[in-house]
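> In the working numbering, each residue carries its 1-based index in the sequence shown increased by 1.
Honestly, the hints are just simulated from the structure, not real lab data. Hints are supplied without guarantee of correctness; some may be wrong.
[What the hints assert, rightly or not] Across the chosen pairs, the derived CB separations fall in these ranges:
#1 Y70 x T47: 41 to 49 Å
#2 F69 x F34: 39 to 47 Å
#3 V49 x S77: 32 to 40 Å
#4 R100 x L79: 39 to 47 Å
#5 S32 x V84: 38 to 46 Å
#6 V84 x L54: 39 to 47 Å
#7 F106 x L71: 35 to 43 Å
#8 R100 x Y66: 18 to 26 Å
#9 L54 x T104: 12 to 20 Å
#10 K58 x P35: 19 to 27 Å
#11 T104 x K58: 39 to 47 Å
Note that the Cβ used here is the ideal one computed from N, Cα and C, for glycine as well.
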Amino acid sequence: MKSQVNSNNNKLNILRPLSPHLPIYKPQLTSTFPISHRISGAFLVTIVLFFYLLCLKIGLICFTYENFYLFFFYSSKLILIAVEITALALSYHLYNGVRHLLTDFSFEKKD
Numbered sequence: 002m003k004s005q006v007n008s009n010n011n012k013l014n015i016l017r018p019l020s021p022h023l024p025i026y027k028p029q030l031t032s033t034f035p036i037s038h039r040i041s042g043a044f045l046v047t048i049v050l051f052f053y054l055l056c057l058k059i060g061l062i063c064f065t066y067e068n069f070y071l072f073f074f075y076s077s078k079l080i081l082i083a084v085e086i087t088a089l090a091l092s093y094h095l096y097n098g099v100r101h102l103l104t105d106f107s108f109e110k111k112d
C-alpha cells in the first residue's frame with residue numbers, strides 16, 4: 002500500500018513543472034543587464050584567448066606556407082566587421098561595468 006502511494010507521488014512529481022513562473026515571467030532591465038554583461042564579457046574573453054593562441058601558433062608557423070597566407074587573405078575580409086563587433090562589446094561591457102560599480106556604491110540617479 003505504501004509503495005503504491007510513493008509511486009503515485011513520484012509520477013505526480015515528474016509531471017509537475019520545475020518553475021511555473023518562468024513561462025509567464027517578463028524580463029526586466031535589472032535582470033537583462035547583468036546577463037548581457039556576462040555574455041559580452043565571455044565574448045571578449047573568447048576573442049582575447051583566440052588571438053593569444055593565434056600569436057602562439059604564429060611562432061611555430063613559417064611565413065612561407067601558402068595556406069597561412071590564404072588563411073589571412075580570406076580572413077582579412079571579415080576583420081572590419083569583427084573589429085566593430087568587438088568594439089561594441091567592449092564599450093558595452095565597460096560602460097555597464099561602470100554603471101554596475103556606481104550602483105553597488107549607491108551612486109544612483111535620483112528622481
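> For each hint, tell me whether it holds in the structure or not.
Here's how the hints hold up against the structure:
{"no.": "1", "hint": "Y70 x T47: 41 to 49 Å", "result": "violated, 25 Å"}
{"no.": "2", "hint": "F69 x F34: 39 to 47 Å", "result": "holds, 41 Å"}
{"no.": "3", "hint": "V49 x S77: 32 to 40 Å", "result": "violated, 20 Å"}
{"no.": "4", "hint": "R100 x L79: 39 to 47 Å", "result": "violated, 31 Å"}
{"no.": "5", "hint": "S32 x V84: 38 to 46 Å", "result": "violated, 30 Å"}
{"no.": "6", "hint": "V84 x L54: 39 to 47 Å", "result": "violated, 18 Å"}
{"no.": "7", "hint": "F106 x L71: 35 to 43 Å", "result": "violated, 52 Å"}
{"no.": "8", "hint": "R100 x Y66: 18 to 26 Å", "result": "violated, 46 Å"}
{"no.": "9", "hint": "L54 x T104: 12 to 20 Å", "result": "violated, 35 Å"}
{"no.": "10", "hint": "K58 x P35: 19 to 27 Å", "result": "violated, 35 Å"}
{"no.": "11", "hint": "T104 x K58: 39 to 47 Å", "result": "holds, 41 Å"}
In summary, the structure is inconsistent with hints 1, 3, 4, 5, 6, 7, 8, 9, 10 from the numbered list given earlier, while agreeing with the others.
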